[in-house]
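Chemist: With these hints in hand, go ahead and build the complete structure from the sequences.
Chains as they are written, first to last, in numbering that gives the first Met the number 0: chain A, 0 to 240; chain B, 0 to 253.
There could be a bad hint or two in this list.
[Claimed, not checked] Under the rule of at most 30 angstroms between Cα atoms (straight-line distance), these lysine-lysine pairs were calculated in the DSS-like manner:
id, chain 1, residue 1, chain 2, residue 2
1, A, Lys11, B, Lys174
2, B, Lys208, A, Lys4
3, B, Lys129, A, Lys1
4, B, Lys129, A, Lys11
5, B, Lys76, A, Lys235
6, B, Lys248, A, Lys94
7, A, Lys94, B, Lys28
8, A, Lys1, B, Lys76
9, A, Lys94, B, Lys129
10, A, Lys8, B, Lys174
11, B, Lys17, A, Lys235
12, B, Lys76, A, Lys4
13, B, Lys129, A, Lys8
14, A, Lys235, B, Lys248
15, A, Lys235, B, Lys174
16, B, Lys28, A, Lys141
17, A, Lys4, B, Lys248
18, A, Lys1, B, Lys242
19, B, Lys178, B, Lys242
20, A, Lys4, B, Lys129
21, A, Lys94, B, Lys77
22, B, Lys208, B, Lys174
23, B, Lys57, A, Lys11
24, A, Lys4, B, Lys130
25, A, Lys235, B, Lys242
26, A, Lys94, B, Lys136
27, B, Lys14, B, Lys28
28, A, Lys8, B, Lys136
29, B, Lys14, A, Lys8
30, A, Lys1, B, Lys136
31, B, Lys252, A, Lys11
32, B, Lys77, A, Lys235
33, B, Lys224, A, Lys94
34, B, Lys77, A, Lys11
35, B, Lys174, B, Lys76
36, A, Lys1, B, Lys130
[Claimed, not checked] Computed, partial: chain B to chain A, Cβ under 7 angstroms:
id, residue
37, Tyr13
38, Leu50
39, Leu52
40, Thr56
Read the hints as simulated data drawn from the structure, not as lab findings.
Quick reminder that beta carbons are idealized off the backbone N, C-alpha and C, glycines included.
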Amino acid sequence: MKSFKVELKKCKRSGVLELLPMIGILGALYALANFIIRKNTLLNLPLPPMVVLLTQIYGMIMVLNMFGIIVATTLTYNIEFRGNAIKKIYMLPFKTSSVFSSKFLILFVLLALCIVLQNSALAIIGNIYLPTGTFELSTLLKYTGYIFITSLPVLSFMLLISSRCENIWYSLGIGVAGFFSGMAMALSDTSIFLMNPFVLMTKPAVASNLNMDMNVIIIALIETVIFYVIGWAISKNRHYE
Amino acid sequence: MTDIIITQHLTKSYKNFKAVDDITLHIRKGSIYGFLGPNGAGKSTTMKMLLGLTAPTKGNFMIDNMTFPADRVNILKKIGSFIESPSFYPNLTGRENLDIIRRILELPASSVDEALDLVGLSEFGNRLAKKYSLGMKQRLGLASALIGEPPILILDEPTNGLDPSGIHEIRNLIKSLPKRYDCTILISSHMLSEIELIADDIGILNHGKLLYEGSLEDLRNSARKAGFEADNLEEMFLTMIDKDNALRKQRAKL
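Modeler: Take a look at the structure:
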């Protein structure tokens with residue numbers, strides 16, 4: 000708990016705490032504006048209304064979330080490297096691995112908040128604009144969980160990368176490359192591509208139905224744990240130099 | 000007086016280069032130990048090893064009868080340190096930076112203002128650290144080492160970047176600390192003139208090798224015997240370094 004509070008204090012004025020909630024609000028506003036403007040076009044698509052609500056808007060929201068995660072993870076370690084502050088942390092009676100785990104926990108909560116904000120907007124849209132009786136809250140909740148789980152591997156992977164790259168442009172570069180690789184590989188059915196965390200996050204955005212792929216969920220959870228454990232272990236065992 | 004820091008055959012190698020070569024140090028409890036040597040002599044590397052920032056290639060050390068890495072947290076609880084350049088969060092004020100350290104060390108809130116006051120940074124405590132001048136950053140680094148009055152201080156060239164009056168002020172502060180709260184100080188510098196004003200014991204390092212270890216008084220006596228003026232240790236120090244460099248060159252030719 001002490002390290003969590005310390006990490007929160009460090010984030011002041013860094014933009015880390017504000018970024019993902021802002022992305023959440025931006026995504027929510029995008030969803031609302033999109034549905035208000037394109038309501039007729041969207042509801043005339045040959046798809047059930049709930050499928051339209053959850054699949055036709057998520058593409059853009061996913062892009063926002065992915066860049067939000069990339070920038071937030073990069074910023075959260077940039078504050079450690081910019082003034083060499085991490086060196087001081089190594090010289091204090093403090094478990095260096097808890098820096099990684101606390102940062103992960105903070106971003107985990109912020110990402111959850113971001114996705115809740117976006118899906119709250121979808122709930123509002125569903126209640127107001129979908130034909131009476133077609134909005135299903137349980138489906139929305141399940142889909143929210145699915146989106147959250149598939150986003151976690153990118154969070155844990157990017158945090159691992161950011162913790163190792165002192166140069167902010169390296170982590171951002173890897174993130175952008177990951178985004179493009181995700182976009183390029185997500186449409187393929189080749190299972191090996193699911194090893195790419197960016198593909199897992201992109202999967203719900205390229206689907207045209209609400210079927211939640213159990214393989215994707217399991218692989219996403221495994222990858223999240225693997226990247227987290229690697230990052231935690233490196234932080235624990237590596238010397239500053 | 001017992002030794003609070005002891006190193007035994009401490010060595011640090013990087014590929015083909017030995018930064019620290021078989022150093023055995025004895026730092027007495029309650030003393031100020033001046034660690035002296037030209038740039039690149041291995042002073043900072045030795046200090047980094049004592050703080051666990053880098054692992055020794057060979058040898059070991061004990062701090063207050065504890066060893067790394069088994070007692071890492073307990074050792075670091077006792078040490079206040081400042082290595083090379085100041086480390087700080089640029090997005091936080093000086094006071095907020097110290098508050099982070101205070102929380103980690105579980106110190107009372109008043110310790111932040113005490114540390115700021117000690118280094119003369121009180122009136123700039125609410126300014127963002129990224130807007131500090133080099134001297135102010137240096138003072139913030141010192142405050143982060145002194146916060147909570149740790150029993151051991153490891154200070155690597157703490158007066159770098161300070162103006163002459165700042166150097167004088169910080170030097171007097173460092174000199175007063177063992178009396179103020181019974182601490183042991185390991186301080187490095189490449190200037191003997193600075194070290195001889197504050198240290199009780201000194202260790203002279205060149206190219207990673209320890210050339211001399213003992214009290215400042217013994218060094219003065221050796222200087223007299225060698226024909227140097229006892230109040231001109233600088234000359235003796237430079238001669239020591241030059242002789243060692245000449246020996247190295249000879250060995251390299253062979």
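Chemist: Would you pick out the hints that fail for this structure and give their numbers low to high?
Modeler: 1, 2, 6, 10, 14, 15, 16, 17, 18, 19, 23, 25, 27, 29, 31, 33, 37 and 40
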